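Undergrad: Start from the sequences and build out the full structure, keeping to the hints where you can.
Protein chains: 2
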Amino acid sequence: VASAEIVAIGTELLLGHLIDTNSHAIAQALAGAGMDVHRHTAVGDNADRIAAVVSEALARADAVICTGGLGPTVDDMTREGIAKALGRELRLDDESLSQIRARFKRLGRAMTPNNERQAMLPAGATAIPNPDGTAPGFIVDDGTRAIIAVPGVPGEMRAMLERNVIPFLVERFHLRAVIVTRVLHTIGETESAIDTRIADLFRAGINPSIAVLAHAGQIDVKITAKAPTLGEAHSLIGQLEPQLRERLGDCVFGADGESLEKVVGDGLRARSWTLAVAESCTGGMLGEMITRVPGSSDYFLGGVVAYGDDVKAACLNVPAELIARHGAVSREACAAMAEGVKAELGSDVSLSITGIAGPDGGTPEKPVGLVYVGLARADGSVEVRTLRLVGDRELVRRRAALAALTLAWKATRAKEDGRPSATATQR
Amino acid sequence: VASAEIVAIGTELLLGHLIDTNSHAIAQALAGAGMDVHRHTAVGDNADRIAAVVSEALARADAVICTGGLGPTVDDMTREGIAKALGRELRLDDESLSQIRARFKRLGRAMTPNNERQAMLPAGATAIPNPDGTAPGFIVDDGTRAIIAVPGVPGEMRAMLERNVIPFLVERFHLRAVIVTRVLHTIGETESAIDTRIADLFRAGINPSIAVLAHAGQIDVKITAKAPTLGEAHSLIGQLEPQLRERLGDCVFGADGESLEKVVGDGLRARSWTLAVAESCTGGMLGEMITRVPGSSDYFLGGVVAYGDDVKAACLNVPAELIARHGAVSREACAAMAEGVKAELGSDVSLSITGIAGPDGGTPEKPVGLVYVGLARADGSVEVRTLRLVGDRELVRRRAALAALTLAWKATRAKEDGRPSATATQR
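Residue numbers (my numbering), protein chains in the order written: chain A, 1163 to 1589; chain B, 1163 to 1589.
Some hints could be false.
Each pair may be met inside one copy or between any two copies, as identical chains are not told apart.
Stated by the list, open to error - Here are the computed lysine to aspartate or glutamate pairs in the EDC-like style, where the Cα-Cα straight-line distance is at most 16 angstroms:
| hint | residue 1 | residue 2 |
| --- | --- | --- |
| 1 | Lys1388 | Glu1174 |
| 2 | Lys1528 | Glu1351 |
| 3 | Lys1424 | Asp1460 |
| 4 | Lys1577 | Glu1420 |
| 5 | Lys1267 | Asp1294 |
| 6 | Lys1384 | Asp1237 |
| 7 | Lys1246 | Asp1210 |
| 8 | Lys1572 | Glu1351 |
| 9 | Lys1388 | Asp1428 |
| 10 | Lys1384 | Asp1256 |
| 11 | Lys1424 | Glu1501 |
Everything labelled a hint here was simulated from the structure, so no lab data went into it. Given the structure is predicted, the values throughout are model-derived calculations rather than measurements.
TA: This is the structure in structure tokens:
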């Protein structure tokens, strides 16, 4: 299999002024085309250091894709660095120069002399035209290895990648292998628990491979298949996925681009249930997540952010006496919040969250991270879960919102209980 | 000057499944400490390739910081790769093992055997405890060069970086050259307007340098100064900052780590005003942003997410007749929502948002991106702003929430109008 390396060029990257999203985009495109990538490197705007990185990469890989450092200013040294690595001179590319001139003319701007530098390419290079900017890219192919340079401006880089670089690589290296991935999203289990369930199926470096990825409060299991055709890659995944799903059981809520809030929304719509939410420590995060989904107005009525205890009493009819006895962070308050918002907004089901997100406000009995999430069902039953969450304020809040959504997700899947009463579904 | 390299480990990076934000964060921290960084490398979860990258980096730099691949699963190979590069064995670190065990016990979860792998460190390594997760980091210092490994989970990585890694490097390499940055945050002006105001002060590559950075709905102006000591760097910034602030005028709401929601909260607290919010298209995002700030319960009472029109009528007393005449997305509805939530929750001031976030729901007269934000003041006056926002659903919603916060920020700064009435401030 042909292999490539990615070299991102720019002192801004080394100083941490920019996040390197270009290497990510190039990596995705190369993976999709079936080219192996074993290394990314970022290096500053220094001709000698660029030359060293490029030479080393060319010794390991069939193709090296460089991004950045092609602009007109004195600190854009990629052309010089690549020429040095290849032992070639820089020569003026007339066609590129006239394209740069034409662009300035079209935009009605004066062309400063430094822009001419952008038409200097290593001897023997083929220019890649840049319809979105001034700096052309280029390809140098010495018959053994290819070195490709594209600009660092993300839009210009992506356009060249798609239009020129990937088609060139596919033809030049007879790429046939296709990589297809499938991600199963799980909720409610730890990374190690997931890992234990599928450990014997594990096969890093085997095709298809399996990887376990932890996000905030959510664990993904990713299958990656490589095959000569798209059909064969999908077929490889199709053979492994059912086995994995069986092992993982009912913690899998969706696949690929599906989010928990989307899956919950689909479930609510399928059951014709409307939803309302009552939030305390999450301050609106649960509602915000639910309404990220376009079309969520089909099932989401709204909610009450009851941050202060008075609001819990006034807007959610949580008895002040209940709060006085059990506290605003309690199973009892959580249940009353869910019931209150369901009655107030007239929804079929409702979710509630109350807890201590930190960093302050914890006590020995009710420490930071103690969160209750509640679900009130159409049949009048209420379920409350107690969570002891770890992480900073943001993570505790996110995990709390995910746990509340998980309750709703399970309710939409429940076979027996959790059914709305006949009247409630007729609204 | 001592130099460092950053090595990000994870096949996910090479496949383009993840953006490497960790290298960016480490680069920022190293630049701040005055350590030169000449190269970043990303490599997959393969012990031999990790060993090769680490050996090469150690041959060039005084310190190598690795991130990722320290988890419990079989594809976490960073420990093995580093041990190989150093020619040392992996040994069980008892202290780390007992910390991992204690963590599982504290969380009331069963510890699976694969978690023990995380306590295996190269011989002679010093463990870095991980209060936020299970995998410890470690430092191996052979007297000449230092190699440091931290987890790939961003929160865990950042905590170790700040608490352990940077202090270690400062002491170990007697770091003295210091880079200090100061970021001025602005709101309500475009990037080109900001650029025009300060164009003649502009000095990329000069010390201190100035850069203009655009985020979603917010423009930052960044001053970067480099000097032998912290005092001198701060003094360089201190000479330039007042000039910049004068040019930028009253669109500067804060500096460095300050967020608009934090500044609004400080302003509310200073005025002893309480705040309530009524949100439609943002679905809870405004409340979520306000409550990101620890201690926001001092001034934030809560809110109503009035996603459905019935909720606007039932919970916010927006007359159904008003919605029928002007629509739920209208100046009139926005004003009524602000007044309604202020009355309902008994706050001093309130904010409201109603609009069309898209992608669907737009009409020729009320297109996607049309958003109204409102402020109701303690004196009974109401202000509504009409916004025509661009961007996808998420960006429209974020810009709408920022615009609402901007109204509150201006109200807390207003000299004459916007004062709460005497009764309202005595609550």
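Undergrad: The structure should be examined with respect to each hint, and the outcome stated for every one.
TA: Results of checking the hints against the structure:
1. Lys1388 / Glu1174: between (35 angstroms within a copy, 15 angstroms between copies)
2. Lys1528 / Glu1351: Neither, since 24 angstroms and 44 angstroms both go past 16 angstroms.
3. Lys1424 / Asp1460: within (12 angstroms within a copy, 34 angstroms between copies)
4. Lys1577 / Glu1420: Neither: 23 angstroms inside a copy, 49 angstroms across copies.
5. Lys1267 / Asp1294: within (14 angstroms within a copy, 57 angstroms between copies)
6. Lys1384 / Asp1237: between (40 angstroms within a copy, 13 angstroms between copies)
7. Lys1246 / Asp1210: within (8 angstroms within a copy, 30 angstroms between copies)
8. Lys1572 / Glu1351: This pair counts as within: shortest intra-copy Cα distance 14 angstroms, inter-copy 45 angstroms.
9. Lys1388 / Asp1428: neither (31 angstroms within a copy, 54 angstroms between copies)
10. Lys1384 / Asp1256: Classified as neither; 45 angstroms inside a copy, 33 angstroms across copies.
11. Lys1424 / Glu1501: neither (24 angstroms within a copy, 33 angstroms between copies)
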